[in-house]
Amino acid sequence: MHFLLKEIRHNPILWLLGFVPVVFATAALVPQAHRLLFVLAVLSTVPLAALLSHATESVAAKTGDAAGGLLNATLGNLTELIIALTALRAGEYMLVKASIAGAIVANTLFMLGASFLLGGLKYHVQEYNRGSARLQAGLLFVAAVALLIPSLLSDSDVAAGAQVTQTLSVCLAVVLMLVYGLGLVFSLQTHRELFAGAEHAAAPAAWPLRVALATLAGVTVLVALVSEIFVESVQAAAEGFGMTPAFVGFVIVALVGGAAEMASAFSGARKNRLDLSVGIALGSASQIALFVAPVLVLLSYVIGPTAMDLQLWPGAVVMILVATLTASLVTNSGRSAWFVGVLVLTVYMLLAITLYLLPPRVQGPGEDFERPLVRNS
Amino acid sequence: MHFLLKEIRHNPILWLLGFVPVVFATAALVPQAHRLLFVLAVLSTVPLAALLSHATESVAAKTGDAAGGLLNATLGNLTELIIALTALRAGEYMLVKASIAGAIVANTLFMLGASFLLGGLKYHVQEYNRGSARLQAGLLFVAAVALLIPSLLSDSDVAAGAQVTQTLSVCLAVVLMLVYGLGLVFSLQTHRELFAGAEHAAAPAAWPLRVALATLAGVTVLVALVSEIFVESVQAAAEGFGMTPAFVGFVIVALVGGAAEMASAFSGARKNRLDLSVGIALGSASQIALFVAPVLVLLSYVIGPTAMDLQLWPGAVVMILVATLTASLVTNSGRSAWFVGVLVLTVYMLLAITLYLLPPRVQGPGEDFERPLVRNS
Amino acid sequence: MHFLLKEIRHNPILWLLGFVPVVFATAALVPQAHRLLFVLAVLSTVPLAALLSHATESVAAKTGDAAGGLLNATLGNLTELIIALTALRAGEYMLVKASIAGAIVANTLFMLGASFLLGGLKYHVQEYNRGSARLQAGLLFVAAVALLIPSLLSDSDVAAGAQVTQTLSVCLAVVLMLVYGLGLVFSLQTHRELFAGAEHAAAPAAWPLRVALATLAGVTVLVALVSEIFVESVQAAAEGFGMTPAFVGFVIVALVGGAAEMASAFSGARKNRLDLSVGIALGSASQIALFVAPVLVLLSYVIGPTAMDLQLWPGAVVMILVATLTASLVTNSGRSAWFVGVLVLTVYMLLAITLYLLPPRVQGPGEDFERPLVRNS
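Protein chains in written order, with this note's numbering: chain A, 2 to 378; chain B, 2 to 378; chain C, 2 to 378.
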């Protein structure tokens, strides 16, 4: 507890922990106050995500390079995973898919662009390790292809079509997880010298292992409970605020779930350690695309009301393609200045504005997501 | 006048100025000779564009680096702007949009490719400043995303859809102009050392400020008057020649409006100053995409019969994407040889041939342009 | 014959030549055993393709650099050409198009990826000549644009549309062949010093000219005869195996036709001569796209029942675009390690799995291929 309190004193984000009891009390007393619950749940998730992130890093720091890297690679997006699992259990597949797509896009464009901008406002020109950025961009590209192809080829107008889409989604999920695993072998084992310096260099004052593990367990439970309130309130609250679930999942959930990582990435950029920022932003995006999303597809067989496929709505596929292409083009030179950040952030803003003004129409639960980018019949 | 006459003697393009009185006389005497008027208007626009371009550069040379850069950046495509404004006032939105899209594609592919080819026929391998090319390609990419997204997500089948598309177009226009402005701050102020040498190095024998300003004012009026004849005759003339307005706007107007800049770019390439050629070609394309097009959208509220949106027909969006991608791939190495020019010109030819043989079908004024790339309903 | 026998002793692939008489005997005795004939035809084509490839290289080695390069550039994909010609004469346009698209994708992704992987398993990091890879990627990009644009803009719902598509296909075919020819002038004549080392370095123990020419002639006839059996049996056999003709053409024919080149490319990679592997993979892909495909379109006027156009089904265009983009991104650095091979192979597997599970629906002969990517009506 001493470490936690010390951490809270030093990290203003953690002051938001005060909202955690408030959200539980409110949920018990006025369960119909959807908009209030939504705001409180968002405010509580941010500090919990920061704690989770710090606890994961502390455990990773104690367990040595390879195991630590593996741990970070599986628990690094625990907040997003818990929120998505809660939505999955509730059968809110649109929210799950929107939050996956949104997290990929937000990490690739918003986190990367803001890091470039914040770093560039302090340093004239910044350099970073291109090799690591290229690996992550390559993984993202493979994931984008995996998401693009079923949207393009699927044959949705017959019942048999849904079955085929489902089989395809499971195959793609397994392939993506295999590639993700091989990518870890590559970057943590066989060619780790190429990625030196880009990993972990930030972990500020690691906690003792016991504290870290206890925090990991306790906060995971808290995030799961808050997520339940969040998922229950989001639909009604979004309508109240005039937003669609797609916009909420794509923008709000993605930014909330990634708040802790963003804080680390931005702080790295301000310390002229852009390797770290680029690694967190693109690494987190590729982890969600190649690990979190496949896990959710496979888990939907166990905990969801029906199986979930990997098909996104056409606009989301295009956004992920645009984000991947932007990351590839921008990280090609290994140098950055403030205007590079402006360009990347602008691409994100263009997508967010469009999604806010022109949300995809949804007739029934998930119905709109079954439509392929190009009909094939 | 002395300077003008001297200039005319040295620059064979200016001999075409003789057509300017002819076009006015013809318009007054035989206003129904659409095909003749079209050809005369085209022939008159080329030398006037060259004069405008020279006058702008002369004023820019007198006013110092930053202000001169700013002037060039706003008046550099004055000819295209005037023609588009005339078409806008006449409510010819299809011509406006086709000429914007066509100018972006022609500058990115035709001007760049022909510069590479002409330079490469004289020099074995040419090198140029990649930094500047990357900035312009980045700006073009952002503009391409801004044009792609509304085409993809829009929801056109209800009246409300048009309203939303309009709001979106205004938002995107404002964002693009902001990015363009920040790009000027970046390249003219904070990081200008990265772009040294790529700018202005060409201005041949600048005119005195008084002469330049008077030329700027007088020729602008002449171009506006010729444009009026051009816009009135183009529709009937295109039919007479068996071309659609889309082809005329996309290919003919784009090449005519950019004739003066092309002359400068090609002459730079022949003098082994490829920095200059690449800067003119990509700079001009990004200026049209991020400054001229947004200005036209905003001005359509003031001078057009109805508001104009940013939605292009699907083929045009794909062409702009292809052009942007080509520019990114080709300028990546900072080196060129004649065959690089052949490749880039071939991409332009493929697009032009396709557009000539398979023009987009247009049922009514602007109707075809409202259709999104992928229906979202 | 002595040379042939010696070759057969040293090259285990050639033992498969034993299947050649078997396939002819089976075709004569049990012409209805489609599945057996299909398997035998595949097994016979592999060694014949290897012989053709060796004979071409031997002739090329004797005739000097420029003429040899030209010969390789025209006969290098003779197996694919013969199979496609047989299918063309039989009016199996879907098979022709699928095998063209499949060969481009298989060479760009499977051959390149497997070379990177096999080389990377033996050497930690491998380097190769980027210039050559860039030229081939540029040619592929131009071909991809040529295939994309008609699919996108075409107007298929009227009879006139088919006529226009046909004219467009002939124009595009001529342009592509011109660019291919200019590319040969560039790489074999004006700038050959940039491509030194990437070409031909492999030819193992060239045959005397007489033997090579006789082999070339004799084996061509055999391949043509086997192709006839193959094309006749493929449709029924594919149904028997539960595969569509599109899958067979795209995956099976492409891998069979390219078996000989793959053997050379993989052996180059294992000898740390990645220049050779990349040159074979991308050179072969661009040759099929810019030479074999146009030749087939033009020859369809002479030998086909009706003219064939260049329009592919939407999924094939996307696959070619994905393959081209992958090649551009991956060869950008000029370095490789085993995981790069995994990434490229994964993209191929994603496409193959999708095509296997979700084959394009075909109502009638070629009907499905006439549909454009985006309707324009």
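Treat the hints as calculated values from the structure; they're not laboratory data.
Check each hint, because a few of them may be wrong.
One copy or two, it doesn't matter: identical chains are merged, so the pair holds either way.
[What the hints assert, rightly or not] List of simulated lysine to any residue pairs, SDA-like, C-alpha gap at most 20 Å: (1) K123 with V222; (2) K7 with V171; (3) K272 with L119; (4) K7 with L72; (5) K272 with V23; (6) K63 with A218; (7) K63 with L17; (8) K63 with R271; (9) K123 with L17; (10) K63 with L185; (11) K123 with Q190.
Hints broken by the structure, by number, lowest first?
-> Of the numbered hints given earlier, those the structure breaks are 1, 2, 4, 5, 7, 8 and 9, listed in rising order.
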